[in-house]
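S.K.: For chain A, the structure is supplied; the task is to place chain B on it using the hints.
Here the protein sequences line up with chains A and B, keeping their order.
To convert, note that position 44 of the first sequence is 226 in our numbering; the numbers rise steadily by one, no gaps.
To convert, note that position 27 of the second sequence is 209 in our numbering; the numbers rise steadily by one, no gaps.
Since the hints were made in silico from the structure, they are not lab data.
Hints are not guaranteed to be accurate.
Unchecked claim - Keeping only pairs whose Cα atoms sit at most 25 Å apart, straight-line, the calculated PhoX-like set for lysine-lysine is:
{"#": "1", "chain 1": "B", "residue 1": "K193", "chain 2": "B", "residue 2": "K223"}
{"#": "2", "chain 1": "A", "residue 1": "K223", "chain 2": "B", "residue 2": "K193"}
{"#": "3", "chain 1": "A", "residue 1": "K202", "chain 2": "A", "residue 2": "K223"}
{"#": "4", "chain 1": "B", "residue 1": "K223", "chain 2": "A", "residue 2": "K202"}
{"#": "5", "chain 1": "A", "residue 1": "K223", "chain 2": "A", "residue 2": "K193"}
{"#": "6", "chain 1": "B", "residue 1": "K223", "chain 2": "A", "residue 2": "K193"}
{"#": "7", "chain 1": "A", "residue 1": "K223", "chain 2": "B", "residue 2": "K202"}
{"#": "8", "chain 1": "B", "residue 1": "K223", "chain 2": "B", "residue 2": "K202"}
{"#": "9", "chain 1": "B", "residue 1": "K223", "chain 2": "A", "residue 2": "K223"}
Protein chains: 2
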Amino acid sequence: MPTIVVDVMPKAELLDPQGKAVAGALSRMGIDAFDSVRIGKRFELRVEGEVTDAVLDQARQIAADVLSNSVIEDVVGIEVVE
Amino acid sequence: MPTIVVDVMPKAELLDPQGKAVAGALSRMGIDAFDSVRIGKRFELRVEGEVTDAVLDQARQIAADVLSNSVIEDVVGIEVVE
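Here chain A stands alone, though its shape is the one from the complex (with noise of 0.2 Å):
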């Protein structure tokens, strides 16, 4: 069955307090090959059927109105994995 899958992550300018610790983490575990880490979320849709447009249009909806929240949260990604 395909599935939609749609990330959210918190909006750039926002504290990331999650990010934040597991970046604090990396650097006392002596990794300091990254600057910054910030957590989002990933949704897994699987589809009955096939991935119409119409279908589509519906995963952009519910992204936009139910799995994120457009007040700290962008959507940076809908994509269809067979």
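M.R.: Just chain B now, kept in the frame of chain A:
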């Protein structure tokens, strides 16, 4: 600055109560194009300088050891995004 995206999802055989809750909400909204919803995490690791093989190996190591819990989660993707 280049970014390495790490995608982590709950293991397929595990229950995903959050995903079920979203799927339930969608069907109550009359949206039935989606058979199931699963929710995972998306990490953006911003890289200082170039993404060398060594940096990519480090990202794989971190993905397995720090960013995911191998008992209940799988790392399903590691991708360099410019």
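S.K.: Does each hint hold? Answer for all of them.
M.R.: Verification of the supplied hints:
Under the criterion of a C-alpha separation no larger than 25 Å, the hint pairing K193 of chain B with K223 of chain B is consistent with the structure, at around 12 Å. With a C-alpha separation of about 16 Å, the suggested pair K223 of chain A and K193 of chain B falls inside the 25 Å cut-off, and the hint holds. Restraint check for K202 of chain A and K223 of chain A: satisfied, since their Cα atoms lie roughly 16 Å apart, inside the 25 Å limit. For the suggested pair K223 of chain B and K202 of chain A, the alpha carbons sit about 15 Å apart, so the restraint of at most 25 Å is met.
Our distance criterion of 25 Å between C-alpha atoms is met by K223 of chain A and K193 of chain A, whose separation comes to about 12 Å. Distance check on the hinted pair: K223 of chain B and K193 of chain A sit about 16 Å apart at the alpha-carbon level, within 25 Å; holds. Of the pairs offered as hints, the one joining K223 of chain A and K202 of chain B holds, with about 15 Å between alpha carbons and a cut-off of 25 Å not exceeded. Of the supplied pair hints, the one linking K223 of chain B and K202 of chain B holds, its CA atoms being roughly 16 Å apart against a limit of 25 Å.
Between K223 of chain B and K223 of chain A, the direct Cα distance comes to roughly 5 Å. Compliance with the 25 Å bound is thereby established for this hinted pair.
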